[in-house]
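Student: So the sequence lines, in the order shown, correspond to chains A and B.
Heads up: the first sequence is residues 65 to 476, going by our numbering.
Heads up: the second sequence is residues 65 to 476, going by our numbering.
FYI, nobody ran anything at the bench for these hints, they're computed from the structure.
Check the hints yourself; a few may be wrong.
Stated by the list, open to error - Which chain A residues face chain B? A few, computed with CB under 8 Å, are given here:
1) Trp134
2) Thr389
3) Asn431
4) His434
5) Ala438
6) Pro441
Nothing here was measured: the structure is a model prediction, and the numbers come from that model.
Using N, Cα and C, we set each Cβ at its ideal position, and we do this for glycine too.
2 protein chains.
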Amino acid sequence: MASDLLIRGGRPHGLAPADILVREGKVVAMGPCLQPPPGVPVEDVHGALVLPSLVEAHTHLDKSLWDMPWHANTAGPSLMDKIDHERHARRAWDIDPQRQSARQVALSVAQGSLHILSHVDIDTDQGLWCLEGVLATRERCRALVDIQLVAFPQSGLMRRPGTLALMDQALTMGCEWVGGLDPYAIDRDPKGQLDAIFALSQKHGRPIDIHLHEPEEMGALTLDLVFERVRALGLQGQVTISHAFCLGSARSELVEPLIAELAALDIAVMTTGPAGWSAPPLKRLLAAGVRVSSGSDGVRDTWKHYGNADMLERATFLGLRNRLTTDADMALALEVCTHGGAQVMRLHGHGLAVGKDADLFTVRAENIAHAVAAHPPRELVVRRGTVVARNGQCLHLATPSPDPIVFTKEPA
Amino acid sequence: MASDLLIRGGRPHGLAPADILVREGKVVAMGPCLQPPPGVPVEDVHGALVLPSLVEAHTHLDKSLWDMPWHANTAGPSLMDKIDHERHARRAWDIDPQRQSARQVALSVAQGSLHILSHVDIDTDQGLWCLEGVLATRERCRALVDIQLVAFPQSGLMRRPGTLALMDQALTMGCEWVGGLDPYAIDRDPKGQLDAIFALSQKHGRPIDIHLHEPEEMGALTLDLVFERVRALGLQGQVTISHAFCLGSARSELVEPLIAELAALDIAVMTTGPAGWSAPPLKRLLAAGVRVSSGSDGVRDTWKHYGNADMLERATFLGLRNRLTTDADMALALEVCTHGGAQVMRLHGHGLAVGKDADLFTVRAENIAHAVAAHPPRELVVRRGTVVARNGQCLHLATPSPDPIVFTKEPA
Chain A
65 MASDLLIRGG RPHGLAPADI LVREGKVVAM GPCLQPPPGV PVEDVHGALV
115 LPSLVEAHTH LDKSLWDMPW HANTAGPSLM DKIDHERHAR RAWDIDPQRQ
165 SARQVALSVA QGSLHILSHV DIDTDQGLWC LEGVLATRER CRALVDIQLV
215 AFPQSGLMRR PGTLALMDQA LTMGCEWVGG LDPYAIDRDP KGQLDAIFAL
265 SQKHGRPIDI HLHEPEEMGA LTLDLVFERV RALGLQGQVT ISHAFCLGSA
315 RSELVEPLIA ELAALDIAVM TTGPAGWSAP PLKRLLAAGV RVSSGSDGVR
365 DTWKHYGNAD MLERATFLGL RNRLTTDADM ALALEVCTHG GAQVMRLHGH
415 GLAVGKDADL FTVRAENIAH AVAAHPPREL VVRRGTVVAR NGQCLHLATP
465 SPDPIVFTKE PA
Chain B
65 MASDLLIRGG RPHGLAPADI LVREGKVVAM GPCLQPPPGV PVEDVHGALV
115 LPSLVEAHTH LDKSLWDMPW HANTAGPSLM DKIDHERHAR RAWDIDPQRQ
165 SARQVALSVA QGSLHILSHV DIDTDQGLWC LEGVLATRER CRALVDIQLV
215 AFPQSGLMRR PGTLALMDQA LTMGCEWVGG LDPYAIDRDP KGQLDAIFAL
265 SQKHGRPIDI HLHEPEEMGA LTLDLVFERV RALGLQGQVT ISHAFCLGSA
315 RSELVEPLIA ELAALDIAVM TTGPAGWSAP PLKRLLAAGV RVSSGSDGVR
365 DTWKHYGNAD MLERATFLGL RNRLTTDADM ALALEVCTHG GAQVMRLHGH
415 GLAVGKDADL FTVRAENIAH AVAAHPPREL VVRRGTVVAR NGQCLHLATP
465 SPDPIVFTKE PA
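Use the sequences and the hints to build the structure in full.
Tutor: Here's what the structure looks like:
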C-alpha cells in the first residue's frame with residue numbers, strides 16, 4: 065500500500081540533514097525543515113543515517129531452517145552430497161516452503177531488504193511443491209516486499225529427465241527467471257544444459273541466472289559457452305552469473321578477458337563475498353562496468369548453519385573479502401547491496417531520491433563506511449511510505465497466518 | 065574479586081541442564097538441582113547455553129578508534145603506508161592509548177572475552193607512551209579481565225635504531241611477551257630481527273609472538289629461521305606465529321612440512337580467519353596437534369574501520385573461512401576462541417569444569433554450532449563468580465574514571 069509519511073531529522077546517504085516527504089509511496093521532496101501536509105504522519109529519526117532499501121539479490125527462500133528445531137548438519141563434503149542430502153531432508157524434516165519462506169521474508173524485511181530475488185528448487189522429487197509454497201508467501205507479502213523467482217534445477221537438469229518440463233511449468237506459474245547450475249560440474253553436459261535453459265528463456269522471454277561454482281579453466285570455458293549464446297541470441301543485459309568462482313582465480317590472464325566480455329555483453333555477476341571460496345574481484349568488475357549484485361545465499365539451511373539474511377552485514381562481508389578499507393571503497397560494498405541488486409532486478413523505482421519509491425531504512429551510524437563496518441540494527445524500515453519494521457522487528461509477519469498482509473495502521 | 069554464585073538452569077557446553085556452584089571464584093560443583101548455600105546469590109539463566117569465557121588472543125588495545133569521532137581511512141595500500149599513516153595519526157587524532165584501551169576492554173568484557181593478549185606498539189616516535197596507557201588500563205581493570213602484553217615493534221626493529229632498547233625497557237615495565245614483525249618484508253633483515261628478539265626473549269625469559277604476513281616461500285623461509293632458533297635455544301612451547309599467511313598457500317608441498325615442524329616444536333599459530341587473505345588451515349593444524357588461537361586483531365583502527373572485539377563472531381569468521389559446516393567442525397571454531405587461546409596464554413584455570421575459574425558467559429542458543437553460526441548477544445558474563453556484563457553491556461567501565469575497578473555490588 066502506498067502511504068504518506070514525513071521522515072524528519074535523518075541524514076539521507078550520510079550527507080546533510082534533510083527531511084523526506086512521501087506522498088502515495090513516492091519521495092516527493094527532500095530537504096531541510098519540510099512541513100507535513102495536513103494528515104501526513106511524522107516519523108522523527110533523530111539524526112539517523114537514512115539509506116535506500118537493501119536488495120537481497122540471491123537467496124533460496126524455499127530452503128531455510130530458520131526457527132525450526134535444530135538438525136545437525138550431516139551432509140557429506142561434495143556439492144552432490146549436499147544436494148542429495150537436502151532433497152532427502154526436505155520431507156524428512158518437514159522444511160515446508162511456504163512456512164519457511166514467510167519466516168525468511170520477515171527476517172529480510174526486519175533488516176531493510178525489501179526486494180528479494182530467490183531461487184526455488186525444481187526437481188523430479190519435489191515437483192513444484194517448493195514453488196507453490198513460495199508463490200503463496202509472495203502473494204501474502206505483496207504489501208511488504210518485491211519478490212522475483214528463479215526456476216532453479218538444484219538437482220541438475222540433464223541428469224534428471226523430467227526436470228525441464230517442470231521448469232517450463234514453473235515459468236508459466238510465475239517464475240520470472242530461468243535458472244541454471246554448473247552445466248559441466250553437476251550436469252556433466254554443458255552444451256545440453258545451456259541449450260535447454262537458453263531455449264526456455266527464448267520461449268518465455270525471461271532472463272537467466274546461472275549458479276556457476278566451476279573453478280578456473282572449467283568455469284572460464286562454461287562462461288565462454290554462455291557468451292556464445294548471449295551473442296547469438298542477442299540476450300545482452302538478460303543474464304546473471306551467480307558466484308562465478310572462476311573470476312576469483314589469481315591468474316589475471318584467465319580472468320581479465322572474461323571480465324571484458326562480461327562488460328561487453330552486459331552480463332551481471334552476483335557474489336556473496338564468500339570467505340572460504342575464490343571470489344570475483346568486486347572493484348575490478350565495477351571498474352570494468354559490470355553490474356554486480358549480492359545476496360545471502362542460503363540462510364541456515366541443510367548446506368550450512370550460517371546466515372541471517374542481513375544484507376548490511378553482507379556489505380561487511382563484501383568489504384572484508386575484497387579488502388575494501390577506504391571510506392570510498394566501503395561505499396562500493398553498500399552500492400552492490402542496494403543499487404547493484406536493483407539493476408539486476410530492474411527495479412526502476414529504487415533509490416533514495418525525489419521521484420523514487422519510498423523504500424528505505426535508518427540506522428544509527430555516522431556515515432556509509434560506518435554502516436558497512438558495523439551493520440548496526442535497523443531502527444526503522446519503510447516501504448512505499450509505510451513503516452514495516454522497527455528496531456530489528458518486522459511488524460507484519462509475526463503470526464503464521466496465511467492471510468494476505470493488508471496495511472491498515474501499524475500494530476501496537 | 066573472587067565471589068560466590070549459583071548459576072541456575074543453564075546448559076553447560078550445550079549438554080544436559082546443570083546448575084553451576086561457584087565459591088570464591090572457582091567452580092566447585094556442576095549438576096542438576098544444586099541448592100545455594102546460605103548467602104550465596106542465585107542467577108537463573110533460564111535454559112541458556114553456558115560456555116567458558118572467550119579468549120581474545122591477538123589484538124591491539126592501544127590503537128582502537130572505538131567511540132572516537134569518525135576519521136576517514138586515508139592510508140595507502142601497502143603495509144608500510146599503513147604503518148606510517150598510523151604513527152602520524154596517533155598524535156594528530158589523539159588516539160590516547162589509556163582511554164582507547166579501556167573502551168576496547170569494556171567491549172571485550174561485554175561480549176564474554178575475559179582474557180586478552182594484546183600487542184602494544186613500541187617505536188622511536190611514541191617511545192613507551194602506548195605501553196604506559198595500556199598498563200594503566202590493565203591495572204584499573206584487574207578485577208575484570210586478564211591482560212597479557214606483547215612489546216611489539218610495529219614500525220620495524222632493525223630499520224629504526226633505538227627500538228630494541230625501548231623493547232628491552234618495555235619488558236622490564238611489564239610486557240610478558242617479546243614481539244616481532246615480518247623480519248624480511250618489513251625489516252629487510254630477517255637474521256638481524258630474529259637474533260635480536262630471541263636474545264631479548266632469552267634475557268628476560270619471556271615467550272615470543274611474531275606477526276608474519278610474509279607469503280609463500282618468503283614466509284616459509286622465515287618460519288624455517290624461527291624453527292632453527294627454537295631448536296637451538298630449546299624454546300619449544302614458547303613461540304606463537306600470528307597470521308602465518310604462508311600456511312594458507314595452496315601448495316601442500318610447501319605447507320605440510322611447515323605444519324609438521326610447528327607441531328614438533330610446539331609452536332602455536334594465531335589466525336583471525338581473514339576473508340581477504342590466505343589463511344592457515346585450521347582443521348589441518350589442529351589435526352597435527354598444533355595449538356591454534358584466534359583474535360580480533362585491530363578493532364576499528366587506522367588500518368580499517370571493521371571490527372568489534374566479538375570473539376564469538378570471530379568463531380563465525382573462522383568457520384566461514386575454513387568451511388566448517390558440520391556441528392563437530394563448528395565446535396572446533398569455538399574451541400580455538402576459548403581453549404586454544406587459553407593454551408597460548410597459559411591460563412591454567414580456564415575451562416568450564418569443576419576446579420576451574422568461574423569465568424563464563426551465557427547465550428541464547430541451542431548448542432555450540434548454533435552459537436558459532438549466529439553469535440547472539442551475551443546475556444550474562446561472569447568472572448570469578450562476579451557478574452561483569454549483562455545483555456551485551458559491561459557493568460563496570462561505563463565512565464572514563466581512572467580509578468581501579470573494585471567490585472562491591474552490581475550497579476543498578
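Student: Failing hints, ascending?
Tutor: 6
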